[in-house]
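Visitor: Chain residues, written in single-letter form:
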Amino acid sequence: GESVGLHLPTLSVQEGDNSIINCAYSNSASDYFIWYKQESGKGPQFIIDIRSNMDKRQGQRVTVLLNKTVKHLSLQIAATQPGDSAVYFCAEGILNDKLIFGTGTRLQVFP
Amino acid sequence: DAGVTQSPTHLIKTRGQQVTLRCSPKSGHDTVSWYQQALGQGPQFIFQYYEEEERQRGNFPDRFSGHQFPNYSSELNVNALLLGDSALYLCASSLARNQETQYFGPGTRLLVL
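Here the protein sequences come in this chain order: A and S. Quick note: the first sequence uses my numbering, first residue 44, plus one each step. Quick note: the second sequence uses my numbering, first residue 15, plus one each step.
Incorrect hints may have been included.
[Claimed, not checked] Within a straight-line C-alpha distance of at most 27 Å, the following computed DSS-like cross-link-like pairs (lysine-lysine) qualify: (1) A:K85 x S:K27; (2) A:K114 x A:K99; (3) S:K27 x A:K114; (4) A:K99 x A:K111.
[What the hints assert, rightly or not] What follows is a set of in silico ranges between Cβ atoms, one per label pair, in the way DEER data are often shown: (5) S:R77 x A:V113: 31 to 41 Å; (6) S:N112 x A:G84: 19 to 29 Å; (7) S:N112 x A:K85: 18 to 28 Å.
[Stated by the list, open to error] Residues of chain S clear of chain A, computed beta-carbon distances all greater than 12 Å: (8) V18; (9) P22; (10) I26; (11) N73; (12) E114.
If you are wondering where the hints come from, they were derived from the structure by calculation, not from laboratory data. We put the CB at the ideal spot given by N, CA and C, even for glycine.
Turn these sequences into a full structure, and let the hints guide you.
Guide: Here's what the structure looks like:
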């Protein structure tokens, strides 16, 4: 279904620790998944994506894991920095169809 | 290389009025998608334009309409504004052959009083 979140869950981590942000998606037919970072007053910024035929993908300091059995997606951020503080959204897409966003998680990094 | 730009950045309207928001896609991109983001929620897809035509549409009433120009820029029009239309309106651009990679603009914050 469509994004219907009413309250934004928050994850608080200490600087230098690893962060794990989770997302449950709705459509088992989705072809790809994307994580976006949205800072206050800005539009979503692409972080990393993963195709449905993969279960793990790594980027710079970030790793995305996909578990199709339980329709779960996670974003791992290594050595979290203050600049990582933002709202993180997962999105699922089907080729040639619209992108559907999840509810978002606010990441707060404290010193 | 300019990214996606949107104008205006902020806008205040009253109920019943009409509004036009504008978007210039990232250089080289030919597809523009519009999203509505209510406070505390994820963006919701409104519609997508390619080759000056609406290619896909989300669950939004006909009060929401759009246009794409030959230079790939786009407008979002909303008629008969309701209080519930208050939101951040995001434009995203992409290449038709690679729609998965969408670049978002900073958005236009619309407040309807």
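Visitor: Each hint: holds or not?
Guide: The hints, checked one at a time:
Only pairs whose Cα atoms come within 27 Å are accepted, and K85 of chain A paired with K27 of chain S is accepted, the gap being roughly 21 Å. For the hint pairing K114 of chain A with K99 of chain A, the CA-to-CA distance comes to about 14 Å; that is within 27 Å, so the pair holds. With a C-alpha separation of about 41 Å, the suggested pair K27 of chain S and K114 of chain A falls outside the 27 Å cut-off, and the hint is violated. For a cut-off of 27 Å, the pair hint linking K99 of chain A to K111 of chain A stands: about 11 Å separates their Cα positions.
Distance hint check for R77 of chain S and V113 of chain A: the Cβ-Cβ separation is about 39 Å, which falls inside the suggested range of 31 to 41 Å. Checked against the given bound of 19 to 29 Å, the beta carbons of N112 of chain S and G84 of chain A, roughly 28 Å apart, stay inside it. At about 23 Å, the CB distance of N112 of chain S to K85 of chain A agrees with the hint of 18 to 28 Å. A beta-carbon of chain A is positioned within 12 Å of the beta-carbon of V18 of chain S; the least distance is around 7 Å.
No Cβ of chain A approaches the Cβ of P22 of chain S within 12 Å, the least distance being about 14 Å, so the stated non-interface status holds. For I26 of chain S, the shortest C-beta to C-beta distance to chain A comes to about 17 Å, beyond the 12 Å cut-off, and the non-interface label holds. For N73 of chain S, the requirement that its beta carbon stay farther than 12 Å from each beta carbon of chain A is not met, with the minimum near 7 Å. In this structure E114 of chain S is not separated from chain A by more than 12 Å, as the shortest Cβ-Cβ distance comes to only about 5 Å.
In terms of the numbered hints stated before, the structure departs from hints 3, 8, 11, 12, listed from lowest to highest.
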